[in-house]
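Visitor: These protein sequence lines are chains A and B, in that order.
Read left to right, the first sequence gives residues 1 to 325 (the working numbering).
Read left to right, the second sequence gives residues 1 to 262 (the working numbering).
There may be inaccurate statements among the hints.
Anything over 10 Å on all C-beta distances counts as not near chain A; from chain B, calculated [unchecked claim]:
hint, residue
1, P34
2, H50
3, L82
4, D90
5, P114
6, Q139
7, E149
8, L152
9, M212
10, P213
11, T241
12, R242
13, A249
Cut-off 20 Å, straight-line C-alpha distance, at most; resulting in silico cross-link-like pairs (DMTMM-like, lysine to aspartate or glutamate) [stated by the list, open to error]:
hint, chain 1, residue 1, chain 2, residue 2
14, B, K245, A, D311
15, B, K28, A, E130
16, A, K202, A, D216
Label-pair distances were calculated between CB atoms; the ranges are [stated by the list, open to error]:
hint, chain 1, residue 1, chain 2, residue 2, range
17, B, M32, A, S178, 41 to 49 Å
18, A, L30, B, A258, 39 to 47 Å
19, A, T211, B, P195, 43 to 51 Å
20, A, D114, B, E240, 26 to 34 Å
21, B, Q238, A, T79, 36 to 44 Å
22, B, A233, A, R28, 47 to 55 Å
23, A, Y176, B, A258, 12 to 20 Å
24, A, E161, B, M212, 58 to 66 Å
25, B, K236, A, E150, 18 to 26 Å
It is worth saying that the hints were derived from the structure and are not from the lab.
Note that the Cβ used here is the ideal one computed from N, Cα and C, for glycine as well.
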Amino acid sequence: MENILVLVHTNEGGILPRAALETVAAARALGGEITIAVFGEGASASIGSIAVDGDAFAVPRYSTDAAAAEALVRHSGATLVLAPNTSRMARCLPGVAARLNGAVDSHAVAVARDGEAVTVTRWFYRQRIEGSLSREARPWFILLEPGACEPAEAAPAAAVETLAVDAPSRTTHEGYVSPETGEQTIRPDARLLFVAGAGWTKKQPDGAIHTDEAADLILGFVRSAQSSLGSSKSLVDQSGEGQAVLPFLTHLHQVGQTGSTPRHRKGLATCCHGEEPHVVGWRFINDRRAVNLDPNCGWARGKADVLYVGDSFEVMRELNRLLAE
Amino acid sequence: MSFDIIVCGGLAPDPLQSLEPAPGPALKNEMMLPAVFDPWAAHALYEAAHLAAQHPGNRLRVACLAPKAKLQQVMMIMAQKLPFELIPLDGASNGFSDAMPTAEALASAIQALPDLDRDRLLVFGGWESATRGAGVVMQIVGERLGITEQFLAVDELRIDNGALVIKERVEGGRHMVSRCAAPPAVLAWATGNLPEPPNHPQTGMANMRTMMPALQKAPPTATASGIAFREVALPKVQRETRIVKDLPAADIARELAAWVKE
Numbered sequence: 001m002e003n004i005l006v007l008v009h010t011n012e013g014g015i016l017p018r019a020a021l022e023t024v025a026a027a028r029a030l031g032g033e034i035t036i037a038v039f040g041e042g043a044s045a046s047i048g049s050i051a052v053d054g055d056a057f058a059v060p061r062y063s064t065d066a067a068a069a070e071a072l073v074r075h076s077g078a079t080l081v082l083a084p085n086t087s088r089m090a091r092c093l094p095g096v097a098a099r100l101n102g103a104v105d106s107h108a109v110a111v112a113r114d115g116e117a118v119t120v121t122r123w124f125y126r127q128r129i130e131g132s133l134s135r136e137a138r139p140w141f142i143l144l145e146p147g148a149c150e151p152a153e154a155a156p157a158a159a160v161e162t163l164a165v166d167a168p169s170r171t172t173h174e175g176y177v178s179p180e181t182g183e184q185t186i187r188p189d190a191r192l193l194f195v196a197g198a199g200w201t202k203k204q205p206d207g208a209i210h211t212d213e214a215a216d217l218i219l220g221f222v223r224s225a226q227s228s229l230g231s232s233k234s235l236v237d238q239s240g241e242g243q244a245v246l247p248f249l250t251h252l253h254q255v256g257q258t259g260s261t262p263r264h265r266k267g268l269a270t271c272c273h274g275e276e277p278h279v280v281g282w283r284f285i286n287d288r289r290a291v292n293l294d295p296n297c298g299w300a301r302g303k304a305d306v307l308y309v310g311d312s313f314e315v316m317r318e319l320n321r322l323l324a325e
Numbered sequence: 001m002s003f004d005i006i007v008c009g010g011l012a013p014d015p016l017q018s019l020e021p022a023p024g025p026a027l028k029n030e031m032m033l034p035a036v037f038d039p040w041a042a043h044a045l046y047e048a049a050h051l052a053a054q055h056p057g058n059r060l061r062v063a064c065l066a067p068k069a070k071l072q073q074v075m076m077i078m079a080q081k082l083p084f085e086l087i088p089l090d091g092a093s094n095g096f097s098d099a100m101p102t103a104e105a106l107a108s109a110i111q112a113l114p115d116l117d118r119d120r121l122l123v124f125g126g127w128e129s130a131t132r133g134a135g136v137v138m139q140i141v142g143e144r145l146g147i148t149e150q151f152l153a154v155d156e157l158r159i160d161n162g163a164l165v166i167k168e169r170v171e172g173g174r175h176m177v178s179r180c181a182a183p184p185a186v187l188a189w190a191t192g193n194l195p196e197p198p199n200h201p202q203t204g205m206a207n208m209r210t211m212m213p214a215l216q217k218a219p220p221t222a223t224a225s226g227i228a229f230r231e232v233a234l235p236k237v238q239r240e241t242r243i244v245k246d247l248p249a250a251d252i253a254r255e256l257a258a259w260v261k262e
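Work out the full structure: start from the sequences and follow the hints.
Guide: As structure tokens, this is what we get:
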């Protein structure tokens with residue numbers, strides 16, 4: 001029988017990320033008894049029965065987070081450790097698995113029990129191949145992707161044991177910065193992902209390039225629809241090749257094989273082709289629509305739900321007007 | 001301040017290739033598929049070379065675990081982009097291989113370097129690979145080397161009075177800024193900010209003079225997997241795409257506006 005530990009962290013202000021409660025739900029679905037451990041700011045007042053708290057653990061940092069996680073896992077004697085695949089956990093838990101001579105699998109999209117065995121489902125080759133696997137090695141650390149299941153209800157623990165952990169560090173946390181443009185890239189709570197492709201910076205029917213208007217149309221839509229903004233690799237790379245660029249786009253916006261794979265209910269692609277390296281970034285977009293001039297482009301081959309063959313400048317101009325009404 | 005920079009990287013199938021799983025698991029015709037240097041590791045390498053060029057006395061090496069024949073093909077291309085020394089490990093490595101033994105092999109190769117300067121050591125790599133996509137190798141390499149200052153999804157590194165000022169990607173499209181007092185440190189890079197360097201044949205020729213002998217001596221490296229695969233398959237979903245042609249832009253916009261507001 002597995003000894004299951006749900007290991008979560010708090011964010012600034014002692015708030016639990018949603019992904020932490022999703023992990024609790026996934027652990028409960030496996031059955032059996034679970035222990036919840038929390039580290040971070042205000043951890044001893046959170047949902048865990050064991051915690052590591054204190055100023056040193058308030059900020060994300062490998063050395064302190066790994067020390068806290070190691071102490072909690074050792075104390076619990078867990079054979080199976082479930083944690084949310086947040087940036088903070090992804091940074092520290094693989095190292096903790098190495099310290100405990102265990103195993104680690106990240107980006108799990110499902111965890112299930114098959115008889116006595118626990119199986120993990122995850123993607124390989126940038127969301128192009130799906131596989132399920134199990135392991136004999138213990139402790140086995142599984143990082144569960146945010147959005148993989150519905151969050152559980154969890155109340156603060158009746159009794160909390162706070163562990164004392166010593167964790168020297170040579171790193172100081174200096175804060176957070178947003179992209180200089182002031183524009184959000186991927187908004188986790190947005191319902192829609194808008195992706196701009198390289199066609200926005202190509203010559204239009206009048207023979208000229210209209211990057212200023214393209215920028216206005218794209219940003220106008222992102223603001224009025226409150227959508228996430230992504231772009232194709234080719235558009236981002238143009239900045240390094242001396243071609244016309246949309247100045248607010250950076251590598252942070254890049255969606256696809258070498259970019260992010262965000263999760264949104266809907267996605268709208270404009271001026272980009274639905275070739276496989278790009279479409280892997282859309283793997284977790286449920287409802288996909290695209291606007292471009294080529295009816296034979298990759299989107300038409302079973303990758304989008306609707307492909308509108310039209311001029312994105314004209315469509316977006318009109319769409320922005322309608323959304324502003 | 002000078003650094004001893006080691007970039008860990010692997011190979012990945014060319015992103016434009018169609019991939020199909022085969023028993024093993026492996027990729028169908030895996031040895032025939034054209035390979036590239038892993039895109040995330042490549043970003044780390046470009047950033048490493050940029051840093052190395054800024055400070056005299058810096059040293060840049062690349063540790064790579066891959067089948068020797070493929071490694072040679074890919075290094076013929078990478079060698080033309082920037083100067084570096086190669087630490088090759090000849091072994092099977094693909095998306096289905098186990099990250100833990102891969103990391104152990106890389107860490108052992110780094111540890112075995114006779115002239116490793118730990119006080120100046122920066123270990124770079126991609127934040128995950130384009131094959132396994134696990135995002136765990138660099139942390140395990142760091143642990144095995146005893147490095148507790150580690151950074152994941154790095155987009156920027158600045159040297160400020162000997163300290164490392166680092167921007168890491170975190171949730172919500174933000175960067176977290178940290179200051180690490182000094183090396184050693186592990187930096188697993190996201191995309192960074194640098195474009196792919198242009199090819200430079202003279203650099204390639206100079207690199208190959210040291211790389212070819214290193215490749216010939218690449219130690220065979222076995223990586224036992226602790227993974228039991230239950231199933232490996234392509235995603236089955238094929239969408240019925242509705243192609244809307246000959247509709248005026250205003251009508252398309254109306255349909256889209258209703259869809260956005262749904």
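Visitor: Any of the earlier hints contradicted here, and which numbers?
Guide: 6, 7, 8, 11, 12, 13, 19, 22 and 23
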